[in-house]
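Q: Respectively, the protein sequence lines represent chains A and B. In terms of numbering that gives the first Met the number 0, the first sequence is residues 0 to 450. In terms of numbering that gives the first Met the number 0, the second sequence is residues 0 to 70.
A couple of the hints might just be wrong.
Result set (SDA-like, lysine to any residue): computed pairs, CA atoms no more than 20 Å apart in a straight line [unchecked claim]:
no., chain 1, residue 1, chain 2, residue 2
1, A, K159, B, C50
2, A, K159, B, R42
3, A, K135, A, E2
4, A, K9, B, N43
5, B, K46, B, T14
6, A, K9, B, R42
7, A, K159, B, L58
8, A, K432, A, L399
9, A, K9, B, K46
10, B, K28, A, T87
11, A, K9, B, D7
12, A, K240, A, Y5
Everything labelled a hint here was simulated from the structure, so no lab data went into it.
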Amino acid sequence: MPEAAYWNPKTETLPRDELARLQLIKLQRLVAWAHERSPFHRRAFDAAGFHPDQLRTLADLRRIPLMTREQWMEAQVETPLFGDLLATEPQQAIRYHLTSGTSGRVPIRVLDGMKDWEWIAEMWCYGFWGFGVRPKDSVYFAFGYGSFIGFWGAHYACEKIGALVMPGGAQTTDQRVRQIVDMGATVVCSTPTYALRLWQQATEMGLDLRATPVERLIVSGEPAGSIPAVKRQLEEAWGAKCGDTAGMTEIGTIMIFECAHQPGGTHIIEDHFIEEVINPESGEPVPYGELGERVVTSFGRGFIPLIRYRSKDMVLKVPFSRCTCGRTGDIYDGGIRGRWDDMKLIRGTNVYPRAVEAIVREFDAVDEFQIYVWRKDNIQDEIAIKVEIKPGREGEWPALQRRLGADLAIAHEGLRFIIERADYGTLPRFELKAKRLVDDRPKVEYGAPAR
Amino acid sequence: MGIRIENDLLGREPTGAERDVLEVYERLKALAAREDLPPSAARNVRKALACLWQATNDLALQFEQLYHLGV
C-alpha cells in the first residue's frame with residue numbers, strides 16, 4: 000500500500016462547500032450540547048438572545064456571542080475551580096492542565112475526558128504527519144512535561160503515528176543535546192527559542208548538529224516559528240527542515256500546522272475548527288489578506304466547549320490555494336503574528352515584540368536579545384534592544400549596532416531604538432515561552448496613582 | 000449484528016471500510032454500557048472506544064459526546 004500523503008485524506012482535502020457543510024453540522028451539535036449542559040454558555044446565549052435553533056447556515060455563527068478569556072477567568076473566580084463552564088461532571092475527567100501564565104493573569108484551568116485526549120493527540124497527528132513524520136522516525140521532545148499542556152499531545156501523537164518517542168523532561172540542556180545525538184533522533188520538538196538554545200549548547204560542547212540524523216525540527220509555543228529569519232537560522236544551524244505549529248491550552252492542542260510544502264504559513268485544521276478573523280475593535284469579519292484577531296470554535300473538547308473564543312492572536316488568512324499540497328484548509332500567512340495585547344505604545348508608535356524579533360533575527364551574529372522599555376525622567380518612554388553577540392563574532396558589533404538601529408527605526412515610523420551590547424550569557428534563556436520584553440514603566444492601577 | 004449504518008455527516012454512503020470501522024465503534028459503545036465487565040475489560044473497552052470515536056469522527060461518520068459512557 001503506498002504511503003498516504005495526508006493523515007486524514009477524506010476531510011483534509013474536502014471541497015470547500017462540503018467542508019462548510021461538515022462544519023455546520025458539527026457546530027449545530029456542539030452548540031446544542033453547550034446550551035444544554037454548560038450553564039456558562041447557556042447564560043451567555045440567553046443574554047445575547049441567541050438560541051441553538053437559530054443556527055441554520057454557517058453565516059448564523061455570527062449570532063453567537065463572542066467568548067473572552069476574561070469571562071472565563073471571572074467564572075473561575077466566582078465558582079472555583081473551573082467556573083460553570085463544564086458540560087459534564089468533573090469525575091469524568093482524566094487530565095488536568097492549566098495555561099502557562101505568560102500574560103501574568105489568573106491561569107485558565109481545563110479538564111479533559113478520555114476521548115478528548117484522543118482528539119488532542121489527533122490534531123498533532125495532522126501536523127506531524129503533514130510535516131513528514133512517519134513511523135520510522137525517532138522523535139525527541141525537549142519539553143518539561145509539567146502542568147502546562149505544551150507538547151503533551153504531540154507526545155501521544157507520535158506514539159499514535161508509531162514513531163519512537165523520546166521524552167526529554169527534567170534534564171539540563173547539555174543532557175538533552177547528548178541524548179539527541181546519542182539516540183540518533185530524526186525529529187526534535189521544542190519552542191523556537193529553545194531550539195536555538197540547544198544549538199548554542201551543542202556548539203559549546205563541540206558538537207555539530209548538522210552532522211546528526213535530525214531531519215526535522217517541529218516548533219511551537221512562540222510566534223517566532225514562522226519568522227523567516229528565525230526559521231532560516233534554525234534550519235542552517237541544525238541542517239534540518241523547521242516546521243511551525245501553534246495551539247493554545249484553551250483548546251488543548253494545535254489548530255494550525257505547516258505542511259511539508261512550507262507555503263510560508265500554516266494550514267488551519269478546518270474539519271475540527273472554525274477559525275474566524277475579525278477586526279479586534281469592531282468585531283466585524285475581515286477579508287482574506289487583512290490582519291485581524293483569530294476567533295476559534297473547537298469541535299474537540301466537549302468537556303469545556305469553546306465557541307467563538309477571542310484568542311487575541313494576530314493573523315492574516317489567505318486561501319488554501321496558496322499551497323500546492325492538496326489540503327483545502329485555509330492558511331495563516333506567517334503563522335501567528337503576535338498578540339494584540341503584546342503591543343507596546345512608545346511615543347505614539349505601536350511596537351510588537353514579534354516584529355522586533357523578525358528584524359533582530361536577520362542579524363546572524365545575534366545570539367540572544369531583550370527588548371527593554373522604560374520611562375526616562377518620568378517623562379519620555381524609551382526602548383532599548385540589549386544584544387548578546389555570538390562568541391567569535393564580536394568584531395561585527397559596531398556595524399550591527401548601526402544597522403539594527405536603522406532597520407528598527409525604518410520599520411517603526413522613525414522611532415529611535417537604543418541598541419546596547421550585553422555581555423555574553425547575561426540575558427535570560429528560555430525553555431518554554433520566551434519573555435524577551437521587559438516593560439519597566441510605571442504601572443497604573445485602578446484607583447491608585449502611578450508610582 | 001443488527002447495527003444500522005446511516006450515511007456519513009456529509010450525506011454520503013459509507014465505504015465498506017468505513018462501515019467496518021463504524022460497526023466496531025457501535026459494538027464498543029454497547030460494551031461500554033454493560034455493567035457486568037470486570038475493571039480490566041471495562042476500562043480497556045473505554046480506551047478502545049475513545050480511539051474508535053476519534054477514527055469515526057475523523058471519517059465524518061459521527062459527531063457525538065460519550066461522557067455518559069465514561070469516555
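Q: The structure should be examined with respect to each hint, and the outcome stated for every one.
A: Going down the list of hints, with the structure as the test:
With a C-alpha separation of about 10 Å, the suggested pair A:K159 and B:C50 falls inside the 20 Å cut-off, and the hint holds. Note on A:K159 and B:R42: the hinted pairing holds, with a Cα-Cα distance of about 19 Å set against a maximum of 20 Å. For the hint pairing A:K135 with A:E2, the CA-to-CA distance comes to about 12 Å; that is within 20 Å, so the pair holds. About 28 Å separates the Cα atoms of A:K9 and B:N43, which puts this hinted pair outside 20 Å; it is violated.
For the hint linking B:K46 to B:T14, the alpha-carbon distance of about 25 Å lies beyond 20 Å, and the restraint is violated. A C-alpha spacing of about 30 Å is found between A:K9 and B:R42, which places the hinted pair above 20 Å, so the restraint is violated. Our distance criterion of 20 Å between C-alpha atoms is met by A:K159 and B:L58, whose separation comes to about 17 Å. Pair hint A:K432 plus A:L399 does not hold up; C-alpha atoms about 26 Å apart against a cutoff of 20 Å.
Among the hinted pairs, A:K9 with B:K46 is inconsistent with the structure: their alpha-carbon atoms are about 24 Å apart, more than 20 Å. Proposed proximity of B:K28 and A:T87 is supported: the alpha carbons are some 18 Å apart, at most 20 Å. Simply put, A:K9 and B:D7 have alpha-carbon atoms about 11 Å apart, close enough for the 20 Å limit, and the pair holds. Distance hint between A:K240 and A:Y5 is fulfilled; the C-alpha atoms sit about 19 Å from each other, no more than 20 Å.
Violated hints for the displayed structure, listed by number in ascending order: 4, 5, 6, 8 and 9.
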